[in-house]
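Engineer: Start from the sequences and build out the full structure, keeping to the hints where you can.
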Amino acid sequence: MTLSLLIQTSYFVAAVLFILGLKAMSSPKTARRGVIWAGAGMVLATVVTFLHEGLHNYALMVIAIVAGGGVAWVSAKRVAMTDMPQMIAVYNGMGGGAAAAIAANELLADHVLAPVVLVLAVLGALIGTVAFTGSVIAFAKLQGLIRKSPRSTALQLVNLLIGLGAVAAGVALALGQTDVALLAAFFAAAAVFGVLITLPIGGADMPVVISLFNALTGLAVGFEGFVLGNPAMMIAGIVVGASGTLLTQLMAKAMNRSLGNVLFAGFGADEGTESAGDSGGTMKAIDATDAAIMLAYANRVIIVPGYGMAVAQAQHKIWELTELLEDRGVKVKFAIHPVAGRMPGHMNVLLAEAGVPYDKIADLEEINAEFARADVAVVIGANDVVNPAARSNKDSPIYGMPILNVDQAQHCIVIKRGKGTGFSGIENELFFAENTSMLYGDGQKAASELIAGVKTL
Amino acid sequence: MEGFIALYIFMLAAVAGYEVISKVPVILHTPLMSGSNFVHGIVLIGAMIALGHAETVAQQVIGFIAVFLGAGNAVGGYVVTERMLEMFKSSGEKRT
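Those sequence lines, one after another, are chains A and B.
For the numbering used here, count along the first sequence from 1 and bump the result up by 290.
Under the numbering used here, the residue at position 57 of the second sequence is numbered 55, and the numbers go up by one with no gaps.
Don't take each hint at face value.
Claimed, not checked - Where chain A lies over chain B, by a calculated footprint (3+ residues, C-beta under 8 Å): (1) 2 to 12; (2) 15 to 29; (3) 32 to 41; (4) 54 to 66; (5) 77 to 88.
I should point out that these hints are in silico values taken from the structure, not numbers from a laboratory.
Treat the numbers as computed from the prediction; the structure is a model and nothing was measured.
Beta carbons: idealized from backbone N, C-alpha and C, even for Gly.
Structural biologist: Quick look at the structure:
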């Protein structure tokens, strides 16, 4: 009795710590504290779970925790900040898989489950399995292991049938069928459905999908918590389900895409229309020395970094350049588009890694009015998020997407490796504009040359 | 557990989750997604209970997989979130 009270109290405290922890993560000042609170809740909940009466297999339990936790610990310590999105996808997929496995064991067990419990067990299993295999595919795509995004009506039809098959098997299970073959078919269909629904989605849309799977895993965990009669799992799972859904919507909105659009329609699927708009004009090149002079004698500079900067590992050099410019009295700010990097906030992490303080970083709404007053805007490794076509060209696939108005700055320097179009393959009018100069070269090399240039002045 | 009590818990937890996130600045979206990913690592305790109740070899295998995956979710989620948040500093703070 007292033992059970201790366990229940601990779960309650853990649930409170999770909610307070997530709340504290809403401000950069308290964010670190927040994750530590949530971590304390997790340790507490895990430790008291060993005290449950009537449990067996303790040795297996400890081995599984050490093995799973160990693998995750090592990989999490090693992963580069640029690869963070796909790593989050992996850990999320593991959670979904765990929820599905819990459901499988409950469905295999001898005891009879109440109808509501059965329905939620099956629902959690379905969602968890889809999140598991879907996250694995998301990882493989962002890691570059799968490069193709096959998309056809036939594939969608096959996928629909498999999805319906999984649902049908799930309904049969929920009605009390206990056939092992049916159970296996159910999980197999759900797993294939998760793969097929993620496969056609392009890399640029993947963050939204990872966020969606994160929310789905939360739901699955909440449902399995109900099956096990465990309020801590129910609360933590549903809190994540709700917050993850909101986060997914925010991301999709920032990218000007609806969720249905991301899942069921390919980006640039109707490519035929866009090639018509020939921008005309030519791109003007600038060399690093001239660009350095322009920067050193400016009053206000705004740097717009994109994922290309991170790939070139140029963030440290860019920060060095910023410090040099600030020593000369230039006011420098960083402007970050919501989808810069591979998911909202990813670029902030990459800049923080280089040592850029977060109060120098502004988001789209804060900074857009300031471009008109800036002497120089430096675009490094970003493309679509600064394309004025999103404002003016109704035929452009990105029309309507909020962009950073770098074209309104006095001058714009674009650091770019070559003349080609970027990730999305959309022509960028900014590069041809009168006040834009192109500094060709690898991001890191270009930044080093700018530093050298500023130092000689 | 009583069905309706569970329903209330689900409803209130959903409201709490929605409210907690709605005031988060964009700069913290990635760490926050990672943080919420860590929080559903609580699935680990459910996995431990499932393995603890396993009787047949098949159940033990599935339970073992569940605990392995759940532990990976919790530990990996924590470490990456902590690594990211550790780096966020303002101009005023000393840098290392």
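Engineer: Of the numbered hints stated earlier in the document, which are not met by this structure?
Structural biologist: Checked against the structure, no hint fails, so every one of them is satisfied.
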